[in-house]
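Novice: Take a look at the letters that make up each chain.
There are 2 protein chains.
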Amino acid sequence: MMTVTTVMKRLIPAVVMTVLAVGAAWAQDTKYDAYYYRRATLFDKLPIKSSDIVFLGNSLTDGAEWNELLDNRHIKNRGIVGDIVQGYIDRLDPILRGKPKKIFIMGGVNDISHDVDADSIARVTEKLIVMIKQGSPRTKIYLQSLLPFNNDVRMWKLLKNREYVVREANVLLEKVAARQGVTWVNLYPLMVDGDGKLKREYTNDGLHLMGEAYVVWRDMLKKYI
Amino acid sequence: MMTVTTVMKRLIPAVVMTVLAVGAAWAQDTKYDAYYYRRATLFDKLPIKSSDIVFLGNSLTDGAEWNELLDNRHIKNRGIVGDIVQGYIDRLDPILRGKPKKIFIMGGVNDISHDVDADSIARVTEKLIVMIKQGSPRTKIYLQSLLPFNNDVRMWKLLKNREYVVREANVLLEKVAARQGVTWVNLYPLMVDGDGKLKREYTNDGLHLMGEAYVVWRDMLKKYI
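Going down the list, the protein sequences come from chains A and B.
Just so it is clear: in the first sequence, position 199 is 190 by my numbering, and no numbers are missing.
Just so it is clear: in the second sequence, position 48 is 39 by my numbering, and no numbers are missing.
Isolated chain A (complex conformation):
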């Protein structure tokens, strides 16, 4: 027969576990925005195959139809508007489970708008690459550079005077790619004007891309697909 004390002792860990679990679920629901969880729950339903080419990214990836642009049905769009590189890590499981053929990474500009510096962006991106290599060693990884933005078109307050962070991050990301033995895809020179800003004709809000810019990006990727 259990004493009250014994029952209490057995119950306390269960209560603590429940509190922790509820806490974790709550944290899970609020770490990112609602769109992140809608896309992530969709991606959980969409199996990745070993013949797939995954485009892992933020709004720049999300906004295009990559399988159409590159005429390749194996390309899977895993972009989420607003996502940061840690967000990619947190949704890596359903991608790595499928052991895709290739993963193209594009990310970091939302980290900049969250006041993250170039060093930290390079660090979290390297962590992402290491996790992909560990989880799916045969996946070929392509690290794409950050793109310039253009605050003359529309002011993104959170990016104000942070053009230099993009340039610093790209220098560090290229080193990460070399160190990790992954392919560096430098899109920055294709998108930048003489003043270090995103070309005016490639954007209508200073940050996101018009169709014409996606064609330029696509042409750059053709040789890697």
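Pairs involving identical chains hold if they fit within one copy or between any two copies, as the list cannot separate such chains.
The list that follows gives simulated cross-link-like pairs (lysine to aspartate or glutamate, DMTMM-like), each with its CA atoms no further than 25 angstroms apart:
(1) 190 x 154
(2) 40 x 62
(3) 36 x 196
(4) 213 x 56
(5) 118 x 154
(6) 22 x 53
(7) 90 x 62
(8) 148 x 24
(9) 190 x 203
(10) 22 x 143
(11) 36 x 203
(12) 22 x 203
(13) 190 x 35
(14) 131 x 56
(15) 36 x 210
(16) 92 x 56
(17) 151 x 106
(18) 36 x 62
(19) 40 x 56
Simulated from the structure, these hints should not be mistaken for laboratory data.
Model the placement of chain B on the given structure of chain A, informed by the hints.
Specialist: Below, chain B alone, put in the same frame as chain A:
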């Protein structure tokens, strides 16, 4: 030799034309939001083929990866977050040019948030269908119902107390489908709870869909693909 008056007479229409053209370009740039034009300029670069199945819609269409959900590479996502049915009409050209095999239409909830009534939604949707039939007579058209929303999850001020407009619009849209001889796809009953709201587990913002809801939608569409 031309007199000054003759020159003036010849110039005036040119000036008027220029003013009109600039006016049209300006109107074109401001009628919808920046994302609309980014997606529309992308779609202009992506040819539609006669084997294609076009998903024409708003954020509900935009947010999913339909070719993955339905395992069909002919499906082309032509969804734009925030778009209204007139917006679909204004970007119909590059779709009809390709004479697609099928077009699935989903739209109207943003019209409701713009204070448009059920009659007007049915009218503009019928106009859209008539234009598709005229521009591409062999395209098979599927008109999908509006989905319920749920203002208990998060208040969408512009949709407040407008649940009845969805229900009214669906009654009218079903009649439009019958009158135009297109297939009516009634998704509403799959998504609604006992109180006439979008099922709580299908959304995290009361309007947009979680992965699980897309699977339900997908299962409904399978027989039409």
